[in-house]
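Q: Heads up: the protein sequence lines correspond to chains A and B, in order.
Per the numbering used here, the first sequence starts with residue 1, numbered consecutively.
Per the numbering used here, the second sequence starts with residue 731, numbered consecutively.
Be aware that one or more of the hints could be misleading.
What the hints assert, rightly or not - No more than 35 Å apart at the CA atoms, straight line, and that leaves these computed lysine-lysine pairs for DSBU-like:
#	chain 1	residue 1	chain 2	residue 2
1	A	Lys415	B	Lys964
2	B	Lys859	A	Lys416
3	B	Lys964	A	Lys54
4	B	Lys773	A	Lys412
What the hints assert, rightly or not - Rough simulated footprint, nothing fancy, chain B against chain A, three-plus residues with beta-carbon under 8 Å:
#	region
5	97-111
6	651-661
7	718-725
Source of the hints: derived by calculation from the structure; they are not laboratory data.
Ideal placement from N, C-alpha and C gives every residue a C-beta, glycine not left out.
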Amino acid sequence: MPTVGHDRLRKEGPQKLTGTALYVDDIPVKGIWHGVTVRSSVAHAKIKGIRFLKGFPWRQAVVVTAKDIPGENCVHLIEDDQPLLADGITRHALEPVALIAHPDRATAYNALNFVEINYEPLPSVLDFEKSKKILKTFSIKKGDAKKAMKKAWKKVDTTFRVPHQEQAYIENNGMMAWFEPDGTLVLQGSLQCPYYIVKAMKPIFKLPEEKIRVIQAVTGGGFGGKEEYPNIISGHAALLAKKAKRPIKMIYDRHEDMSATTKRHPAVIKHKAGIDKKGRLVALDIDIVMDAGAYVTLSPVVLSRGILHASGPYECPNVNIHASIVQTNTPPNGAYRGFGAPQTLFAAELQWEKLADASKIDAVKLRERNLVKIGSELSTGQILKESVGLKKCVDTVLKRSRFTALRRDHDKWNKKKTSPTWRGVGFASVHHGSGFTGNGEVFLKSKASVTLTKSGRFVIETASSEIGQGSMSTLCQIVSDALGVPYEWVELEANDTSRVPDSGPTVASRTCMIVGGLLYRAAKQLKAAIEEKAKKIPTTPAVLKEVAKKLAGKKSVFRITTEYEKPADIEFDDTTYKGDAYGSYGYAAIAVDLEVDRTTYEIKLNKIWTAQDIGKAINPLIVEGQIIGGTTQALGWAVFEKPIYKNGVMQNAEFTNYIIPTALDTPPMDVVIIEEPYSRGPFGAKGVGEMPMDIPAPAVCAAIKQATGLFFPEIPVTPEMIAAGIARKG
Amino acid sequence: MKLLTARDEREALRLYKRYPEALPLAGGTDLMVGWNTGRLNGKTILDLSRLKDWARIRETPMGVWIGALATHTAIRVHPAVKSRFPLLAESSETIGGRQIQNQGTLGGNIANASPAGDTFPALAVYEAKIHTVSDAGRRVVPFSEIFAGVKQTTLQKGELIEGVELTTPSTEPCRQGFRKVGTRAAQAISKTVFAGLLWLNKDRTVDDIRLALGSVATSVRRLEHIETSLTGQKLDPKAITRALNLLSRDIHPIDDIRSTRDYRMLVSRNLITSFLNAR
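From just these sequences and the hints, can you work out the full model?
A: Laid out in structure tokens, this is it:
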């Protein structure tokens, strides 16, 4: 029975449900010590000295500073500008300066009270809009935006601002490290990208790749927050393990995790748009600035995805976009679900409200005149050849939400003096490129394997991490259907670099489409090999075992490994930003219904309707979960989440005052999955993970505009802002 | 951290006398946050969880007695509390989430003395009496005198809150109102929290009025200037405006991590207005 398109029991579900799943802090390791991090307290300064004060039993502890690093003091990523431990200078508050390990966790934490760092302050830049240090720029040019803007019938010019956002995964960052007797460094922890860690450890410890082994423990969420940061915590734990000559565990508490690790990049987007008399978008002139924080980390790639999504899912013949990312003396920002796209799509979408005001044409009607379809050309000159379900998404949402009627009803309600609230409904539609940007997948050269063991078990070997998104089940369903065997016959090898090939990172909505695609091909080849020996795929384990023995021969398994191959008709120029930025795009539309209390200005989210074209839902329940979860995260960004900084230090680094939505804040959601298959995705599947994060915020602001008459080109929109806005209006 | 567990009231008072610096544990919903962050390292904790008698709620001829260790859940569902002191039941419903309500206690809430205590405006307008006990004897403290400032009470060394006495007003109020404005729908600390009772005469003039707001001063307090201004007056727009102009004498909100002074002032004003206009 085919499993693709059906809800199947999650492979890792029972263990998580019954509490038997072991997260990194649950794994018992004999003789393990606890590591803690000494962090700087100032944004930018020379470090004149570190003193370890009397009163703490330092003889029981192990202390590591930059001097103890055997190789290079750097966290290897795009640029090698970030030290693993600050040496002589700190470029942001909470930068790691030294490490301490002790057999007892509470004592290790207590040691932090006995370390004193002496600083010589340096001038610091905390506000990225004032920073002049540009780390990277990109430009997209198409047609003549300047000329077209001049000739446009109506034009608008708005500055949009979006803030940091904390990933708020349920499990904090945590890692264990030890050295095997043969010198192999082993790391086990909460992570998304095991091979990133392997590559990052090489220069620090001057070890060859085969002497570094990374194992993923059961991971309680990532959302990008465990993409690159685990490189740092791995390096720290391993340095302590080396010096202490014993296993080390480093588990961040919530406060440390929130204040010191990466967040979504804040951005300011100056967005100019022009339309002609028919409501067609004729010119876009966009300037994007993002805040990298103190080091480069993944910022250029975030910026790249940001600029590539900045023109929205619309046709526009004349586009001029400039994007830059600047340095500040704040903790580095990094990967977070959406990866630059939610920032620029916020501007692209909300600008329709301004265009609607200027033209007196409804914002949804304006969009409908510009939606991309098959044959459309994007800002990079990419022609969409297939799998464009945008119009279906838009129509579905408008119909199911009774959008036009609902808006009319709300206008009536808002006019009544006795109404206790103001009501509004807002709309947005987006696209999201699946997989790595541009030639990213070509450089990655991902590999994945399907094996048949001698005992007759099918085993998937990939470095894709299950981080709660359901990748285990999704990949098993793809492979079982490609093979034509029951879902229960397919298993996954542990995500351990000594056992699985480098399938690339678990990021960028790529696991199902790219890794799933590799596995689909491998499974088809394996099926052919089996059929060659047995005429048809065995239907009983006993027969399968016979075939497996024949195929494996002298080896213990028969393995098929596939590697990413660049499709011949996909071309992208990284220097000019022209061409096929992504192999395919997902599309989505949303309507957000809300009301604002006239007494307290509190926002109550009443209902969400969304339709998302993801090519094919391998497991519809998992897809729906992704959409509901991502939407909820984005609603939090739109109305609640606001990291507050003082001197470069987050002041509300705890869940009491960094407000994320609870179940009671989450509105009911009407989710429709649209399936416009992508020919190169497994069973037609495209990416789903990030798109739900891109779309709600601009729809929320549009709804608030209908409700209150106030236009907020920034988030989160808080009751305080609405109150102030109403007071201004008088 | 040192933990002292008292088997009964006598032992609790004896232990508290010996260790007056100990922190009484009465539910722990706030204490455990401090424990998690390491703020309680080296501190002494006096666990009261075995004092079962202190968790009782009982109806009395005069009103209701709520033991200090009664949980917010027990209060929220208690029939006598619901019918006779509905604002206390409502406010207990808005504390944290269900798990916090199952664990947190009224006595713990009061002793914690947060300016944002969600039950406090209700206790203030019902003019609750706080019963305390120590090795030296028992005391009754009016609710209006229990707080000394942010996170500070007027409890003396070795003195514990035993329970809260609520007296049913001699005539039933014609209007009761409660509203919490928090940072989200649950698990929220209030930005402002309101409770009000109103008695009107037959001629629609105010016979008596009791109003209280939380999170807008160092401790929850009654709005004395507004109450005085309205008493004896007809509730017309003029009287309401005149009274509301005194608001800044009764509350002193600040800008903090959760909200702003301006917002708190405006919303407090709106809450009172809508209560007075019965909207």
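Q: A separate judgement is required for each hint: does it hold in the structure or not?
A: Comparing the hints with the structure gives:
Restraint check: the Cα-Cα separation between lysine 415 (chain A) and lysine 964 (chain B) comes to about 30 Å, which is no more than 35 Å; the hinted pair holds. Pair hint lysine 859 (chain B) plus lysine 416 (chain A) does not hold up; C-alpha atoms about 44 Å apart against a cutoff of 35 Å. A distance of roughly 71 Å separates the Cα atoms of lysine 964 (chain B) and lysine 54 (chain A); the hinted pair therefore is violated under the 35 Å criterion. Restraint check for lysine 773 (chain B) and lysine 412 (chain A): not satisfied, since their Cα atoms lie roughly 60 Å apart, outside the 35 Å limit.
Counting residues of the region 97-111 of chain A whose C-beta lies closer than 8 Å to any C-beta of chain B gives 3; at least three are required, and the coverage claim holds. Coverage of a stretch by a chain is defined here by at least three residues with a beta carbon nearer than 8 Å to that chain's beta carbons; for the region 651-661 of chain A and chain B the count is 7, and the condition holds. Only when three residues or more bring their CB closer than 8 Å to a CB of chain B does the claim for the region 718-725 of chain A stand; here the count is 4, and the claim holds.
Comparing the model with each earlier hint shows violations of hints 2, 3 and 4; every other hint is respected.
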